[in-house]
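Chains as they are written, first to last, in the numbering used here: chain A, 1 to 388; chain B, 1001 to 1337.
No wet-lab data here; the hints were simulated from the structure. Bear in mind the structure is a predicted one, so any value in this text is a computation, not a measurement. Idealized CB from N, CA, C, for every residue including glycine. Just so you know, not all the hints are guaranteed correct.
Unchecked claim - Derived, one-sided and incomplete: chain B residues facing chain A with beta-carbon distance under 10 Å: (1) 1130; (2) 1182; (3) 1230.
Unchecked claim - Computed, partial: chain A to chain B, Cβ under 7 Å: (4) 74; (5) 81; (6) 192; (7) 194; (8) 195; (9) 199; (10) 286; (11) 295; (12) 339.
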Amino acid sequence: MTENLSTAKGASESPASAQTMGRFRPPRVPLFKRVRESALFWPLAALALILVFDAFYAPSFFRIEIQDGHLYGNLIDVVNNAAPLMLVAIGMTLVIATGGIDLSVGAVIAISAAMGAVLINPALGNQLITNDILTRDATNTPLPLIVLADLAAGTLCGLWNGFLVSRGRIQPMVATLILMVAGRGIAQLITNGQIMTIYYTPYFWFGNGFILGLPVAIYIVVGVLILAWFVVRKTSIGLFIESVGLNAKSSYYTGINEKNVKLFAYTFCGFCGAIAGLILSSNLHSSDANNIGLNYELDAILAVVMGGTLMSGGRFSLVASAIGALVIWTFTITVYTVGVPANALLAAKAVLVLAVILLYSDYTRRLLNRFERTDRKTAPSTDVEQRV
Amino acid sequence: MFSTKRLVSYAVLFMALLVVIAACAAPAAPAPAPAATAAPQAAAQKTYKDMTLCYPQLGAESDWRTANTASIKETAAKLGIKQLVFSDAQQKQENQISAMRACIQQGVDVIALPPVVEDGWEAVLTEAKNAKIPVIIVDRSVSADPSLYAAHIGSDMALEGKRAAAEMNKLLNNQGAILELSGTTGSGAAVGRAKGFREDLNSNIKILDSQTGNFTRAEAKPVMEAFLKKYKPGTDFQGIFIHNDDMGIGAIEALKAAGVKPGEIKIVSVDGTRGGFQAMIDGWFQADVECNPLLGPQVFEMALKLMNGQPVDKNVLTNETVYYPDKAQELLPTRQY
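Go ahead and model the full structure; you've got the sequences and the hints to work with.
Printed below as a string of structure tokens:
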């Protein structure tokens, strides 16, 4: 593109003046391309596409009513259901940006949820759960302690992954695979292999509560997003993460402690998984070691990829990943609303993934570039006029 | 040098080992021939102490399954069988098949298989048959040829669906519209219950929409949420048929959020777990069709018969009934799952 620009300049001006011009004015990038190169463009485009589809085939999708003093509608469901995935995607973004991957987030969710359920229900270990205890609206542990224990459990899992990857020098996929497999086993051990139903009302606030008419979960997501954004963009940690992802060795030689950068990323991802586990178990009023957060690691990776972060690491955008997670859930709720038959659900999801992957491919990018170039050729004069 | 010498010596050792193993294995093969004459007496002496049973459990997706697992393990411990080879397939057919292959290789006495879906079992069942290992199909059914397995112990899923339909007809006075939350797509339970339900449902009751909740709370809740935005509870639909209690509990959460009060929508569920009983006490479920998971004693009894070559019934049904809210409070403490 820049080459093209300079030849366009050369046609009207001498090369020397072009150089001095360049000093004052950076090479002009067409608006569409600037928008397109923005990290937020593709996930937002995908979201818009699904919403446009809804506008035609399920107009009720946009209806929002007030029910018991809070907002109620499909869009609220999307946001509330997507919150855990958005959190996991934020954590996953940092891990992927360092050139790694965390397959264990689903298991971390299960561990965190199991922790909460077991601390609420008085039945521990092999103690048989009797019905009067099981259905009591009471807790064994104060709520702040439950939340702390949930978060601590998940963060510890993240720390474990971080140590395996940064100090143990194990490949991220292998290192996190250990916890992915073992994690649900740990969660089963905690809950004694049972699906534990939670009857403690204050605990439901995280997944079902509302502040000013909006779900609590979304405030949590925004909070974590601001926290993460502050840490990575207002300190140099974000830069370190990108540089480690691009080239770990040269980062090391420039004096960046790449071990600790990786340790930070995995620990933060575990922390995000823990909050997701808290919200999910609170939303479902239960902890099911086998199914809670199932396949979240894959959905989170898809969300990050939709957000434009390369699997090889480097540049990343937290907000774009969060929007990617929103796209996945908007799609899921749309599919339920439109009434796709159960046996076509997975095929429908496959179409979404295929469309996204195709949109992101180099081929599409080249096609769009070519489209712009021909656009320029047809109207070069206006371009030059503007510059002069 | 060291490597080549060692390698050669290892190779020789390995070969020697192979010969020994082959030598040990060889006499074992013709052994059945003389044993065959003494078979009736030898077989009759087989007891639970000799039994190695393989149970490739399909997962732990619901309270029902957890109870089923507990029943198998407890019965095995109580009878003191030689070995219970238990595995958890995480609701994946391929995991169940590989677990079965491992059991066949190990040469277990009997395999009891709770199949996750109906189709695709022919190959591995044939392998088991060729290895002369009888297979008992437990709980859900398979579409494979009945000659490939010894027997089926379980519930008649279509009958459960019919019972649910009868309850729904009564609750809605034979008219109105309902929604359906179905089980794992392609599973015997979901297929059978849906089929039986449709056969006996009054033709004046319309099934507005049906979607899978995969037998879990986590998946049933968003499905129900979407349904509630699309159809107005009370006016558009008056009842819900739910294929298991866990999905029912997920659906109740969605109904609560939509401001629906217990009893406004008539719900018929299947399973009869403690969660389902609690939902009946709270007024959400109007009927719960039982599906008994405590199959341990029946499975082991049949396994012993098969080991001893005694004839068994091809299809064994479990005793089941329908529960109603009026008895729920009284019965809840007696529920084991």
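How the hints compare with the structure:
{"no.": "1", "hint": "1130", "result": "32 Å, violated"}
{"no.": "2", "hint": "1182", "result": "6 Å, holds"}
{"no.": "3", "hint": "1230", "result": "6 Å, holds"}
{"no.": "4", "hint": "74", "result": "5 Å, holds"}
{"no.": "5", "hint": "81", "result": "5 Å, holds"}
{"no.": "6", "hint": "192", "result": "10 Å, violated"}
{"no.": "7", "hint": "194", "result": "6 Å, holds"}
{"no.": "8", "hint": "195", "result": "6 Å, holds"}
{"no.": "9", "hint": "199", "result": "9 Å, violated"}
{"no.": "10", "hint": "286", "result": "6 Å, holds"}
{"no.": "11", "hint": "295", "result": "11 Å, violated"}
{"no.": "12", "hint": "339", "result": "6 Å, holds"}
In summary, the numbered hints that this structure violates are 1, 6, 9, 11.
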